[in-house]
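Chemist: For the record, the sequence lines run as chains A and B. The numbering of the first sequence is the working numbering, which starts it at 7 and goes up by one. The numbering of the second sequence is the working numbering, which starts it at 62 and goes up by one.
Calculated directly from the structure, the hints in this document are not laboratory data. The model shown is predicted, which means the values in this text are computed figures rather than measured ones. Note that beta-carbon positions come from the ideal geometry of N, C-alpha and C, so glycine has one too. There could be a bad hint or two in this list.
Simulated restraints, written as ranges between beta carbons of each label pair [what the hints assert, rightly or not]:
(1) B/Gln158 - A/Ala177: 14 to 22 Å
(2) B/Arg109 - A/Val13: 16 to 24 Å
(3) A/Glu221 - B/Ala76: 32 to 40 Å
(4) A/Pro215 - B/Gln151: 22 to 30 Å
(5) B/Gln140 - A/Lys287: 32 to 40 Å
Derived coverage of chain A by chain B (criterion: at least 3 residues anywhere in the stretch with Cβ under 8 Å from a Cβ of chain B; other residues may be distant) [what the hints assert, rightly or not]:
(6) 166 to 178
(7) 265 to 273
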Amino acid sequence: MSKLNDVLVLDYLVESREELAAVEKELLAIESEGDNLDEERINRICVAMHSVKGGSLLFDLVKIGELAQKIENAAAKIRFQHIAPTQDRLSMLLRAIDRLKELILSPDSSNEADISGLIAELAMPDASLSASFEKGGATEDKPANGTRDRLRILIAEDDLACRLLLQTFLARYGECHVALNGREAVEAFRTAFARGSSYDLICMDVMMPEMDGREAVRQLRAWEEGQGIRPPYGATIFMTTTVREVTDVFRCFRELCDAYLLKPVDLGQLLNMMKFFELVK
Amino acid sequence: MGIIEGTIGNAELAAAVEHAADGVSIADAAGNIRYVNPAFTALTGCSREEAVGKNPQFTVANAAAESSPAIFDEDSLLQRLMGDRELGLQVLNGFIQDAPCQLKKLRGRIDESDAGGLVLQAHTLKGSAATVGAEALRAVAQAMETAATAGQFDLCRDLMPDTVEQLERFRTRLEEDGWIPKTDLNTEIEEMCNVKA
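Whole structure, please, built from the sequences with the hints as guidance.
Modeler: In structure tokens form, the structure reads like this:
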């Protein structure tokens, strides 16, 4: 179980309940508005689910994370108009939200819950999706670009020991580039993007000189959005942070980092997260 | 503040003690601690709750014996590295080469009274020390970060010798346990002679 204190878990659970209530409202509104899909509504759903998913990983609430991820992916497909927001799909999403609310009400037993049926329904396959994201190696279920043999990885970290650790370990999974602060990370990201070889995984430290990790994530996501890419289709970003900072940066999911990695970095945990985001098998 | 005012009975003096850069503890006639200031907490790593009600010597001995962090926590390092000793070797040797430079920067920030830079530098050292399992060094770096955040340069300066010592202890331990090559004193002396010549 996590090293974090109970207060933080409670905060997360309370916030998630609020997020899900908001998502429910948006889904009902989309349902009643019929054919005119409000892009802002579906976008808010995506961000809220992203936040619920990201937080769950911090507390090893795997089933909550998995369900939130699948709902996020399904909402993203609607957002990118790969699938239409039909009545069936919307009520399916509402059912999934209900189930997720149940899991959040009993977090201790949530990891034993059977959600396989729901997960299968949420896959919402669509023929056009794999074609339109072929370049990134997307699959129907997982739109990330993790099907590459070798990952492209950016490590933004000002501390040598931590950088060395991540670099040496991650080099087994792909090509690692290093940035010593947020500004360098943004530059490296843009350069790679311009070359058509954007990063699959970015490990971003929070407290760095010149430009901190939060600002860098904001700029990276803004850049991606400018290119028409929105999570979960962009780079997977892990923020590396100390327990003490987590409280301050908990809302970083709003800025769309994908997960937190607590320092000192535990490679087992890192590997589990890479598996969750299907960056490795 | 309630405790200190009750103990000292003079609000101005109480405030001065509370904010003093030197560690202060106040004991009653029986020798039991009734108050410690934040600087004491930062210096000893012993919280107010832990210290109050105890005998000072007991507290110091206790802190040294029980709650003082390990010089090198090899077990948790290896656990975090999924048992990969090879990776441990690389990270530890990288850290040992880099650490003196980090301490130099730390001292530089103190001398320049650069609060922002000092917080960041202490934070970085804390992070590296935690990464390599240098728990005692991490603790003093954390005390330094806290003091720097409060703008207490004097306290930071006071913590500097301890920082150097903890790094030295860590290095010695790594040498003894065969994680890093032993320092060859003769080579060092030779190098020093070369520099002078």
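Chemist: The structure should be examined with respect to each hint, and the outcome stated for every one.
Modeler: Hint-by-hint comparison with the structure:
no.: 1; hint: B/Gln158 - A/Ala177: 14 to 22 Å; result: holds, 19 Å
no.: 2; hint: B/Arg109 - A/Val13: 16 to 24 Å; result: holds, 20 Å
no.: 3; hint: A/Glu221 - B/Ala76: 32 to 40 Å; result: holds, 38 Å
no.: 4; hint: A/Pro215 - B/Gln151: 22 to 30 Å; result: holds, 24 Å
no.: 5; hint: B/Gln140 - A/Lys287: 32 to 40 Å; result: violated, 24 Å
no.: 6; hint: 166 to 178; result: holds (count 7)
no.: 7; hint: 265 to 273; result: holds (count 5)
Of the hints listed earlier, the one the structure fails to meet is number 5.
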